[in-house]
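Let the hints inform the model, and build the full structure from the sequences given.
The C-terminal residue of the sequence shown carries number 187 in the working numbering, and the numbering is unbroken.
Just so you know, these hints were derived from the structure itself, not from any lab. Keep in mind it's a predicted model, so treat the numbers as computed, not measured. There are no misleading hints in this set.
Okay, derived cross-link-like pairs now, DSSO-like style, lysine-lysine, Cα gap no bigger than 27 Å in a straight line:
no.: 1; residue 1: Lys96; residue 2: Lys63
no.: 2; residue 1: Lys22; residue 2: Lys60
no.: 3; residue 1: Lys22; residue 2: Lys119
no.: 4; residue 1: Lys118; residue 2: Lys73
no.: 5; residue 1: Lys127; residue 2: Lys96
no.: 6; residue 1: Lys99; residue 2: Lys82
no.: 7; residue 1: Lys118; residue 2: Lys63
no.: 8; residue 1: Lys73; residue 2: Lys127
no.: 9; residue 1: Lys60; residue 2: Lys82
Ranges between beta-carbon positions, derived for each pair:
no.: 10; residue 1: Lys106; residue 2: Ser16; range: 31 to 41 Å
no.: 11; residue 1: Met1; residue 2: Asp122; range: 36 to 46 Å
no.: 12; residue 1: Thr100; residue 2: Glu4; range: 30 to 40 Å
no.: 13; residue 1: Gly89; residue 2: Phe2; range: 34 to 44 Å
no.: 14; residue 1: His92; residue 2: Phe2; range: 39 to 49 Å
no.: 15; residue 1: Met1; residue 2: His92; range: 43 to 53 Å
no.: 16; residue 1: Ser47; residue 2: Asn68; range: 21 to 31 Å
no.: 17; residue 1: Ser43; residue 2: Gln17; range: 14 to 24 Å
no.: 18; residue 1: Asp52; residue 2: Asp23; range: 17 to 27 Å
no.: 19; residue 1: Trp18; residue 2: Asp122; range: 32 to 42 Å
no.: 20; residue 1: Lys60; residue 2: Asp35; range: 17 to 27 Å
no.: 21; residue 1: Glu81; residue 2: Asn12; range: 20 to 30 Å
Heads up, the beta-carbon is just placed ideally off N, CA and C, and yes, glycines get one too.
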Amino acid sequence: MFFEQFQSIFSNGIKSQWYEMKDIIELFTWIRLQDQLFSQYFSHYSSNVNTDDLWDMFLKLGKLNIINSVNQKHVISILTEKIPLTSVGPFHRYTKSAKTCLVEIKPEFCSQFIELFKKIFDGYIIKQFNYPQYSYQVSRTDCNDLLQIEPFKDLRRLCHLFNCLISFQILNSGTLNTQDNTIKYLT
Numbered sequence: 001m002f003f004e005q006f007q008s009i010f011s012n013g014i015k016s017q018w019y020e021m022k023d024i025i026e027l028f029t030w031i032r033l034q035d036q037l038f039s040q041y042f043s044h045y046s047s048n049v050n051t052d053d054l055w056d057m058f059l060k061l062g063k064l065n066i067i068n069s070v071n072q073k074h075v076i077s078i079l080t081e082k083i084p085l086t087s088v089g090p091f092h093r094y095t096k097s098a099k100t101c102l103v104e105i106k107p108e109f110c111s112q113f114i115e116l117f118k119k120i121f122d123g124y125i126i127k128q129f130n131y132p133q134y135s136y137q138v139s140r141t142d143c144n145d146l147l148q149i150e151p152f153k154d155l156r157r158l159c160h161l162f163n164c165l166i167s168f169q170i171l172n173s174g175t176l177n178t179q180d181n182t183i184k185y186l187t
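So, in structure tokens, the structure goes:
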């Protein structure tokens, strides 16, 4: 009952920057297993902070393994909506910070963090290249920068992201989607 009534205070507190990140993380930790409540609070948080702060929160939640099977759909839904709206420069910065964060995550949580990051990365690429209102912003240099983020040993996945899978489907069949490529995604 308290958490339902506290939402408006929380939302105003985020707008007014009353809370430190550690306090917000503590709140998210308390409610991480309550699907609807986490969704509402994370939505309030994300609508009252800039994309950089939202990304930092994602990294902190990832480091502390607060993102779980109950709340990850809400975190990913919001991040895949907001992150693709950024330009290549900030996205490149987000990726570098994710790589740095990966070394701070306990090994048993790394694969989950990588899977979450892949969804965000895929959403960014798809939006940048498949929607006309965004694709004009992406230059050849930006494409090269994006390809430098991930070496893309997985040609099938790269082609799928760039919407050209059919052209390359017959290349090196059966050797692309290996576990090693997934583990090395951010490393």
